[in-house]
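Top line first, the protein sequences correspond to chains A and B. Residue numbers for the first sequence follow this note's numbering, so the first one is 1 and each next one is one higher. Residue numbers for the second sequence follow this note's numbering, so the first one is 1001 and each next one is one higher.
In case anyone wonders, no lab produced these hints; they're calculated from the structure. Careful: at least some of the hints might be erroneous.
[Claimed, not checked] Straight line, CA to CA, 25 Å or less: simulated BS3-like cross-link-like pairs of lysine-lysine: (1) K80(A) to K1412(B); (2) K344(A) to K428(A); (3) K1414(B) to K1363(B); (4) K1414(B) to K1304(B); (5) K84(A) to K1402(B); (6) K1021(B) to K84(A); (7) K428(A) to K364(A); (8) K1021(B) to K135(A); (9) K469(A) to K453(A); (10) K1414(B) to K84(A); (11) K1406(B) to K80(A); (12) K80(A) to K1402(B).
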Amino acid sequence: MTMPENKYQTVIGLEVHVQLQTESKLFCGCSAAYGAEPNSNTCPICLGLPGTLPMLNRRALRFALEASRAADCQINQFSKFDRKNYFYPDLPKGYQISQYDLPLGYDGKVTIETEDGGTREIGLTRIHLEEDAGKLIHAGTIGDSTHSYVDYNRGGVPLIEIVSEPDIRSPEEARAYLNALKQMILYLGISDCNMEEGSLRCDANVSLRPRGDSEFGIKTEVKNMNSFRAVERALTYEVKRQKKLLESGRKVVQETRTWDESSQETVSMRGKEEAEDYRYFPEPDLMPLEISDEFIAEIDQSLPELPLEKKERFQEQYNLPAYDAGVLTQSLELARLFEETAKKHDDAKEVSNWLMGEYLRLLKENELEPGQDELSGEKLAELLELIEDGTISSKIAKEVFAETFLSGKSPGKVVEERGLKQISDEDKLARIVAGIVAEHPDVVEDIKGGKDKAIGFLVGQVMQETKGKANPQLANQLIREEIEKH
Amino acid sequence: MKIYEMTLAQLIEARESKKVKPEEILAAYQARTEEVEEKVRSFLDRPRDLTAEYQNSQLNRNSHSSQNNQNDKSTKSSNSGQSNHSNQNNQPNKKTTLTGIPVALKANMATCRLTTSCGSRILENYRTPYQSTVANKITGSGGVIAGKTNMDEFAMGSTTEHSAFQVTRNPWNLNHVPGGSSGGSAAAVAAGEVPCALGSDTGGSIRQPAAFCGVVGLKPTYGVVSRYGLAAFASSLDQIGPLTRRVEDAAIMLNIISGADPLDSTSARIDYPDYTARLEQDISGMTFGLPASYLEMDIDGEIKDQVLQVAEKLKEAGAEVREITLPPADLALAAYYIIATAEASSNLARYDGVQYGVRQSGKNVLEMFVNTRSSSFGPEVKRRIMLGTFALSSGYQDELYKQALKVRTLIKEKYEKVFTEVDIILGPNSPTPAFKIGEDMDPLDVYYTDIFTVPVNISGFPALSLPSGFSTEGLPLSVQLIGPAFGEVELLQAASGLEKRLDVPTLAALEGGR
């Protein structure tokens, strides 16, 4: 922001394709599942055999409407499907059934959080429903491939395309937008947004313009970015490339560029002249969609609490700092775990600390997602009670937590099985303390001479002797009493 | 009377009264076909033995207790399976009506056992792994699919000469064409090879060949018959219908093939009536509209006279004939040739050599597409794909395709208005009787011959071609009757009443011809 050479403003718009997690495909009864034997999830309809006709999957329509309403879109209550015509071997009908001039949703927005802690709204131009194409697998290497295999399993799987306004101002914002979008879709439960399996794909339009100009500069379209990080990197590269061109007095060429992961640069794919004319026209095999006020109201009613709403509520209801509320609402499972625990344990901040600390650490260590572990709100609350009533120390509690996290055993049982109960029995502890003090006369002298900090060494010795089970406050108190006697 | 001379209704009656057995019916048609097929050449593919087909199907019916139980991909793909007619109790004996009756299907309707080539080199020898809804309804009613009939390639043409495989001849005069594109179906019925056949009508492809071959051809209201399994030419215009020797037979067939189909989103969700209900009611009291301006157009004198004579007969029968104004037919024709070719350019994109059909290889994928399509589509199909691609292209779409859609809406509204004043419209079918085979015609002149048939496809209304007599040359002449949307019952009533007064033979003898 403060760099003097930054006289250009970055303008980015993203087109995101999200595969909807329906049981069956958009226009036939075939399974939409990922990873099956090639061409096993196919039928005459999704293979586009002569004479077959599409039938709309109502659930996919519902999912698309949920996404539209969650993103504050208006709904075209009279909507329709259109054919996008082009030839490619993975497109069995020679056209894709998509939506052209009457998308399901339009004029929406996604709120992102900016680096300074504020929020910004990114406009959504439209959300529409369409079918996916199949997949080509090239034999040999790209250079000397003699033929390709076609897998139509993915052909006909429902997609929504989410097109943003050119409202994004930096590669970092683009990533924040993608994160917010993904989080929203995961909350809705309509896709797993797995970029590696292709259930979330992203293309970007990028241009620069002199700061203060209202007209857009010439844009390039960047494709083939396979992770959020790749999006950020590709955009950073592309912004830099365009800036260099403009600064040296040259022009940006309108074209489609592809992100090359190995060389970490964007490479020209095709120019504007080669852009295809898709000859869109209304799909005559499907009736237009009429979406009633009642249906929209029902969708609105059914929407879950969305990430930002939840975050704000957490701050208010549980008195959490914005940072904590943000982390806890990153994932629906994590938020659920927090609320389950906080219901049973009053100190919400304590719950938050444990989840943001130990819980996230263990997830990362074990390469798990929230919900894939064995912890429950009830068990975490039990653990926190054990600390509060002095049964175990915080240090021991971490050990218990790890065990419960992996095995699902209740913390009480873990403490019992492993004999981790804290020694709060004064007589028993006093005897141990007496022994330790007697063994370290020099340290006692130091303490008496005013080196109060040395008492920590003796506490440490007690903890070692008791294998950490001593109540540290009690040990401290007993040591002082013992020294007094000397 | 020989078996093959009987009408469908007569066959059913004879079978029900045990005068003939299904096997005898099938054997009779098999023999007739073997006798005349060499001259007419209606079929592209047919089973070797119709009786064996029938016996096999009977075995299957018994072992499967006539349920829809194919566990193949075609039912996997449907959420609710085939539509059945349990709710249509007003149509009697539906499951056995066609027992032992041979029915010919146009070669663009999917059947598992016979080829579905659409008359095209690109689908030569192609068999679909699934059955069209109409094929399932025919066999579900006990009928036997007697073969796949010749047609203009992908239903584009008016003579059946655009078939990639063979020329079908008009049974009334073998030097003439049977019309098209359902020329094989019309010829098969007129020649007595089958008592009934199915055709598809996108711009007149049932009615015009029916007129040329002197049989009854019905294009139902768009949506009355499922299109599932009909290889599409122009999806918003295509409609399957029967070709028969009598109006009553057309009604019987419509009872069987009509109905809402979960596999076809555009099929009509209505209460389907018994289409034979009013065949015996007379036409006195009905009002017919006569579009006088149509008769002033470039039209054969004998055809014009036929229409006027029929109008007189209607009056004699106590019907009212009123002059009406229809929207200009040339506008409808122009709109039709834009919409139909636009949709065709997209519908035919799937024939790219990747999955099925003929493939011509190339150095890369694009070359493979180009080689396959260039060498395997005929000239008429290529012409229409190019016209349609042009009509949809950016920069032209607004003034061509979108304009055509507006014209379509206007025409529909005009027709609807006319139907507030009259019950049925009477008019010509084709401006001329059957052309000579091999006649050299400008494509635009050929397109012009669709002028009286396309408005009905544009508007979706039902229409019927009714034989009305013969020309001085001995070629069949006919009139066209048009009804309002879903007005098939009245349309069939009017046609039946008129048929009785005209009494025209509909079976070509085929003796002495070559």
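Evaluated hints:
no.	hint	result
1	K80(A) to K1412(B)	holds (21 Å)
2	K344(A) to K428(A)	violated (33 Å)
3	K1414(B) to K1363(B)	violated (53 Å)
4	K1414(B) to K1304(B)	holds (23 Å)
5	K84(A) to K1402(B)	holds (16 Å)
6	K1021(B) to K84(A)	violated (53 Å)
7	K428(A) to K364(A)	violated (40 Å)
8	K1021(B) to K135(A)	violated (54 Å)
9	K469(A) to K453(A)	holds (22 Å)
10	K1414(B) to K84(A)	violated (32 Å)
11	K1406(B) to K80(A)	holds (17 Å)
12	K80(A) to K1402(B)	holds (16 Å)
Consistency note: the structure conflicts with the earlier hints numbered 2, 3, 6, 7, 8, 10.
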